[in-house]
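All chains should be built: construct the whole structure from the sequences, respecting the hints.
Protein chains: 4
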Amino acid sequence: MGNQFGHLFRVVTFGESHGVGIGCVIDGCPSLLPLCEADIQKDLDRRKPGQNAITTQRAESDTCKILSGVYRGKTLGTPICIFIPNADARSGDYDEIAKLWRPSHADFAYDSKYGIRDPRGGGRSSARETAARVAAGAVAKKLTGNLNIRAWVESVHAISMPTVRQTPTLEEVDATPVRCPDIPTARRMEEFIKKARSEGDSLGGVIHCRIEGLPAGLGEPVFDRFEAELAKAMLSIPATKGFEIGSGFAGTCMTGSQHNDPFCLDENGGVCFVKNHAGGVLGGITSGATVDFRVAFKPTPTISKEQHTLTITKESVSFSGKGRHDPCVLPRAVPVVEAMAAIVCADMTLRNLSAKGKEI
Amino acid sequence: MGNQFGHLFRVVTFGESHGVGIGCVIDGCPSLLPLCEADIQKDLDRRKPGQNAITTQRAESDTCKILSGVYRGKTLGTPICIFIPNADARSGDYDEIAKLWRPSHADFAYDSKYGIRDPRGGGRSSARETAARVAAGAVAKKLTGNLNIRAWVESVHAISMPTVRQTPTLEEVDATPVRCPDIPTARRMEEFIKKARSEGDSLGGVIHCRIEGLPAGLGEPVFDRFEAELAKAMLSIPATKGFEIGSGFAGTCMTGSQHNDPFCLDENGGVCFVKNHAGGVLGGITSGATVDFRVAFKPTPTISKEQHTLTITKESVSFSGKGRHDPCVLPRAVPVVEAMAAIVCADMTLRNLSAKGKEI
Amino acid sequence: MGNQFGHLFRVVTFGESHGVGIGCVIDGCPSLLPLCEADIQKDLDRRKPGQNAITTQRAESDTCKILSGVYRGKTLGTPICIFIPNADARSGDYDEIAKLWRPSHADFAYDSKYGIRDPRGGGRSSARETAARVAAGAVAKKLTGNLNIRAWVESVHAISMPTVRQTPTLEEVDATPVRCPDIPTARRMEEFIKKARSEGDSLGGVIHCRIEGLPAGLGEPVFDRFEAELAKAMLSIPATKGFEIGSGFAGTCMTGSQHNDPFCLDENGGVCFVKNHAGGVLGGITSGATVDFRVAFKPTPTISKEQHTLTITKESVSFSGKGRHDPCVLPRAVPVVEAMAAIVCADMTLRNLSAKGKEI
Amino acid sequence: MGNQFGHLFRVVTFGESHGVGIGCVIDGCPSLLPLCEADIQKDLDRRKPGQNAITTQRAESDTCKILSGVYRGKTLGTPICIFIPNADARSGDYDEIAKLWRPSHADFAYDSKYGIRDPRGGGRSSARETAARVAAGAVAKKLTGNLNIRAWVESVHAISMPTVRQTPTLEEVDATPVRCPDIPTARRMEEFIKKARSEGDSLGGVIHCRIEGLPAGLGEPVFDRFEAELAKAMLSIPATKGFEIGSGFAGTCMTGSQHNDPFCLDENGGVCFVKNHAGGVLGGITSGATVDFRVAFKPTPTISKEQHTLTITKESVSFSGKGRHDPCVLPRAVPVVEAMAAIVCADMTLRNLSAKGKEI
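Residue numbers (our numbering), protein chains in the order written: chain X, -18 to 341; chain Z, -18 to 341; chain H, -18 to 341; chain P, -18 to 341.
Simulated from the structure, these hints should not be mistaken for laboratory data. Computed from a prediction, not measured in an experiment: that's the story for all the values here. Here a beta-carbon is modelled for each residue, glycine too, at the ideal position from N, C-alpha and C. You may find that some hints are simply not true.
Here's a subset of chain H near chain Z, in silico, CB distances under 7 Å, partners left out [said to hold, decoys possible]:
#, residue
1, L(-11)
2, P11
3, S12
4, L13
5, L14
6, I47
7, G58
8, L334
9, S335
10, A336
11, K337
12, G338
13, K339
See below:
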C-alpha cells in the first residue's frame, strides 16, 4: 500500500511497464479548476521516450486520456483518473531477465518481497511508472497556480555547469536534449552521454530544482516538514540516491554566523532574506524565499557491457542488457522532479488551509 | 496534523520546550514485547542536555514515565504514551524573543503559518521535541529485535574522520563527548566546538548511520520506498539539510559499470553483494545488505554573536542569542538519527507482513 | 479525498455514471493470489442493470478489464486497476436535471459543496459507482479465502420474510429476481415492486448479511472496531439510512441477563457461544461467532410521479423522473453489501497481522 | 493502530482503566482558538462516575490537565495533549477477572487478538476510555463554533419518551439523572434502572442526537460520507449495536413519494426542506437541515446476577460481577455521543475547506 502520495491532494499510481498501460487517480483535487488532456500531454511529451538521440528508442507517444473527474473542461472535485496505454511493449525482449537478477536493478528485491515479479521491462519497478507522476503533477500545477517550478540538469558525471543566480526558463532548459541550460556544458554532456552509450555504459548526475512564488507558511511540522515531504518525494523517484536543500552538505562547513540568513525588507515593505542558505524553509515551513534543492541520480543500472550475476536459482551467469534504455536518465527525469515538486506544493497548499482557526 | 510518523507503527509527538512537558503516543506497537522505563531512559540519557562541556547547560534529567500500554512489563497492543516533564524551563529568558524573529530560526515561519507561537525556548520548534522521538525509537527497537542501528559523527565543519569499513560499536561512538569514533578526529572536533562557542559561533556537520541485520524485502514502492521514508524521517529532524544513501552525491560521478553492485553468494549460499553502492536498497526495497546513509546538519542558528534582524513589527534591531544552547547539535543528534531509523525499520517491518498472499 | 476505503487493503474508486467509465484501484493486495477477470465478472453480473423486469433497463454489460497488478493469473503485490467502461450512457436524458435539484437526490448537496456537478445520470453520486466496489470486493474475497459472506433481501416496504436460523445459500438468494430467499415472500415483494413502478413510485427495505468463518481477533479498537468499520462501509452505500449488528435496536429492550451471550465449548473443545446477541463482535473485535448485521435502504428517490422542486435559481417547478431507474434498489444492492463486507474483512485480516509481537 | 479518529482534526486516545491515567492527543486543531481546562472540565463532569444514585460509585473527579498545545489561553496549532489521571483505581477487585472471560465483555476477544490483557477494570476496553473522547470533543466544539449538538436518552428498555419536534436544551436534558428531557418518562426510567440494579441486572436503550447549525456541504463522498463517518463514530462507542439517521429503519416502510423531502424557501430566500426524512444529509453531504440520528446501546454486560462462563483454561465456572459499574450506561453516554458528533463535525469542517478550487 505504498503507491499513494499526498495527504489531501492524493495521488495513486498504477501500472506495469509492459502491461495494458499505466495511470493515476487523484483524489482530493478541488473542483472548478480548468483541465483538459492537452494540459497534461504537454508535460508528458517532455518525459516520453524516443525524444532524441540520447534517450531510449522505445516508441511510446504516451498519449493520455482523462477517464473521470472532469466535466466540460472543469474539475468536479471527484477523483481524476488519467490513463496512458502502453503501445510499444516488446515482451519477448525480457524472457532472459525473468530467470536472473540484474545487478543494481529491483529484480532480486521484488522476488524477495513479493515472491513474484513481472519481468517485462522491469514491470512495476520500471521508470515508466513516472509518466503517471508527470500526469498527476500537471494537475497539481493547475491547483498551485502561479508558481514557477523549474528543474534542470546541473551535472552529468563530473561535467557540471556553473552556478546560476537566475532560475533558467523552460525554453533555456529545453534548448538542448540534455536539459542543461548552460549550452557549452550541455554540449559536453551530450557528447559524454553518447560516448558512454557507445561503450555500453551509463551515467548519473545531479538535477537542480527551484520553486518560486510559494507563500510563507506551507509545511506541517514536526514530521511533515516541507523539506521532509520534498525529500521523500524525490527519493521515491527511481535511481535517486541523495537530496539536499539550500546549503545542503556544503553548508556543514560553514559557521552559524556565516550560514544564518538575516531578514530584510523588500521595496514593498515585505519580509525577505539577504541570503538563502535555508533554501526557502525555516523550521519545516516555507519562508516565502525560493525553495532550492538538488537531487542525485545514480548511473542507469542497465548497461550493455557484460556483467556477472546470479540466476534465480543462484547460479552464476554472464549477462548484458539488451532492452531499449537510456544511457543517462537525467534529461527525462527533469519533468519528473518538477511533477513531484508540484504535487508536494499542491498537497501542502491544501493542508495549510486549516492552520489558522480564525479563517474557518 | 503533521505530528505523526509511520503507517502501522505510528508515533505522535506532543509538547513545547517550556510547557508542562513533552511526550509521544505510539499506536500500533504489537503486544507481548518486554518494555520498561529503563529501556527508554537509556536512550534518553544519550540525548539529554548538560551531558558534558560541549552541550547546552539546561539541566533536564529527561526522566520518562510510561502512562499507558504496558502491563506487568509487557506491551498490551494498546497505545503507549510516554511522558517527559520539563523541569528546568526558564521562561524569563525568552521575553525578548517573543518580539523578534531570530535569523534562521522558525519564529517567522510559525508566525506566518499559525499567527501565534510559544516563544519560550522555541516552543514546539525546539529540538527538545526530539526527546519524544528518542523515546519512541527505544520502543521501536524492542520490535525490530536484533538489528544493529548505529550512528556517529563523521564530520564537524571541515574536520572529517577517515572512512571506516567496520561499523563502530556503541562504546566506540560514546567514547568521546563528540560521538566521533575516531579518537584523534574527535579531539580536534571537540577543541573546534569549544573554540566556536568561545567566539559566540556555532558549527554543523555530517552524521553517518548504518543499519545492519535487516532482511531483504522491506520498503513499499513506488512512493513509500525504504530510502524515501528514511529521507523523510531524517529531513524531519531539526537543522537537517541533506540526506544521501549508499554512493549518494559522490556516486553521480561513477559510470554504471563502476556503480553496479554484482551479486555473490556467502558461505551459507545466501545472496550477498560484492560492493554496496546501493546502500542496502534496490528499487525502494531492502536487499539484505547494510543500509548506509548520511545526514547533513547545518550549524546551530542560535549564536551569541550580535546579529541584525527584524522585530515582529518589522523594525530593524540588533540581537544576540542568550538562552542556553548547543554550539554544535551533532553529538546529541546521534541518538535522534538512530531513533528515527529504528522507527522506519519498525514501521516497514510491520507493513511488510502483508506483502505475500501465501502467508496470510 | 473521501474516495478511498481501507487501511492496508485500500480501495480507491473513480468515475461518473455517464463519463468514459468507472473503476477502482486496489493498493495493498498481497501478491500470489490467483485473479482473473472472470472472478470479478461473476459478481458484477449480479449487480448489473437490466437483469430482469424489476430493475432499470439501462443496458450495461458492466464488462471489466484488469489494467494492472496481475501477471500470468496471479497478483503481483502492485496496484490492481479494474476498469468498467460506460456503454449505454444517454446524456440527452439529463438536460432538465442540470437545471434543478431533484428532491432527496445529491444534486443540491453537490452544488453546495463543489459549485459544479455532472448532471448526467447523477454523475459521481449515481449508484453506478458501486459497480467499482463490487469489483474490489471480488478481489477482497480472493484474499479472505474460505469466508461465507452472504446477504439477502429481508424486507421490502412492510413485506418481511420470516427469520431464518440457517444462512441462505447463493442459489437460494438468487432463486428470485428480488433476492429474498423465502420464495413466497419473494413473490409478494416482486408484485409489490411492480405495482410501485406502475404507480410511478418506489420502495425501500432491509438487507440482512452474515459473515461466517471469520477467526476471533479481527478489529482494531478503540475507534476502528470491526463493527464501526462495517457501519461506515454500509452507510457509505448510496440510499442507506441505518445499520445494526446482532441484537441491534431490538436488543435495547432486553435486560443484561437476557442479552449476555454465555460461552460454551464445541465438540472440538473450541470456544463458542450459546446465543449470538453480540452479532459476532466483542469489544470491537470478532469473537469467532457469525457476524450478523442488517442495513436499512430508503425508497429510491427517483420516481416518475410529479413532484415540486426548486431550480438552481430557486424557482419553483414541477418535475417527474424520466431517466431509467430501479423502483427498488435492494435486489441489486445485495452484491454491494457483500462486496463492502468483504473489503472490511480483507482490510481487517491484514491489519491483524501485526497485533501480536511474538509472530513478527 | 486503530486508536485514532479523524483525518484533519485527528484524535488519538490512550490509557487503561486502572493504569496511570487516560488522555488524548489532538493533532490538527487550528491555532488561535481560545481554550482552557475549564472548557473541557465542564463536559467531563457530565460523564464522570459517581454523579448520582444511578451511576457507578467509582470516585473519579476526572480532573483534566492540558499538557501541550495551548499558550496564554489560545491554541498554538500544535498537538494538544490532555491528561486525566486515574485516582480511584482498585485493582484488587479484578483478580478473579484475570482468570476468566466475562460473558459479552471484551476479555476473550482481547486475549484472542493480543495474547495479553490488562484485567483491571477492563483495561483498555473499559468505557472509561470515553472520557478522553469527551475531552477531545470539548476542543472540537471550540472549532465548530455555533453548532448546537444535543443528545438525550430517548428510551431505556421499553420505556420510551414521546417524539419531540423541538430539540431539548442542555438544561432540559440534565434536569434528571437519567438525561431524558421528558420528566415523567425520566422518572419511570430512573425507577426502572434502580429496580434493575437491585435485581443485579442491567438495561440498554436508545440515545437520540441532533446537530443544528451545520452548513450545507460537509461530507466527503463516496466513502467518507457525513453519515458514514457518523455511523463509524457512534459504533466505536462501547456497547453500541445500531445507528440510524433520519427516517432510519422505519423509513424502509415508506414509499418514495412519501419519503422524498421537497425543497422550499425560508423567509430569507434560503433553501430549506418541508420534511427531513433524510436526517440532514443528501448523497453523503450535509444539506443544511438538522442532522438527526439515533444510537442503540445494549444492556451493560456487567451484572451481579450469577452467570456461567469459561476460565482462560476453558473450564466452566459460575461468576457474578462485583466491580463498581453502571446498571445502565445511557445517562453517562449522552456526553460521549455529543463529543463524537462534535469531532466528526470538526473534522468534516476542516476537510471541506479544500472542496472548491476557487477559494484556494
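Hint check:
1. For L(-11) of chain H, the suggested interface contact is upheld, since its CB lies about 6 Å from the closest CB of chain Z, less than 7 Å.
2. Restraint check, P11 of chain H versus chain Z: the minimum CB separation of about 4 Å is within 7 Å; hint holds.
3. Taken as an interface hint, S12 of chain H checks out: its beta carbon lies about 5 Å from the nearest beta carbon of chain Z, inside 7 Å.
4. Given hint, L13 of chain H at the interface with chain Z, holds; its Cβ is 4 Å from that chain's nearest Cβ, closer than 7 Å.
5. Restraint check, L14 of chain H versus chain Z: the minimum CB separation of about 4 Å is within 7 Å; hint holds.
6. For I47 of chain H, the interface hint is violated, since its Cβ never comes within 7 Å of a Cβ in chain Z; the closest pair sits about 16 Å apart.
7. Taken as an interface hint, G58 of chain H checks out: its beta carbon lies about 6 Å from the nearest beta carbon of chain Z, inside 7 Å.
8. Interface restraint check: L334 of chain H against chain Z, minimum CB-CB distance 4 Å, threshold 7 Å, status holds.
9. Of the supplied interface hints, the one on S335 of chain H holds, with its beta-carbon coming within about 4 Å of a beta-carbon of chain Z, less than 7 Å.
10. A least Cβ separation of about 6 Å between A336 of chain H and chain Z falls short of the 7 Å threshold, and the interface hint therefore holds.
11. Satisfaction of the interface hint for K337 of chain H is found here, the shortest Cβ-Cβ separation to chain Z being roughly 5 Å, below the 7 Å cut-off.
12. With 7 Å as the threshold, the beta carbon of G338 of chain H comes within range of chain Z, its nearest partner Cβ sitting at about 4 Å, so the hint holds.
13. For K339 of chain H, the interface hint holds, since its Cβ comes within 7 Å of a Cβ in chain Z; the closest pair sits about 5 Å apart.
Of the numbered hints given earlier, the model fails hint 6 alone.
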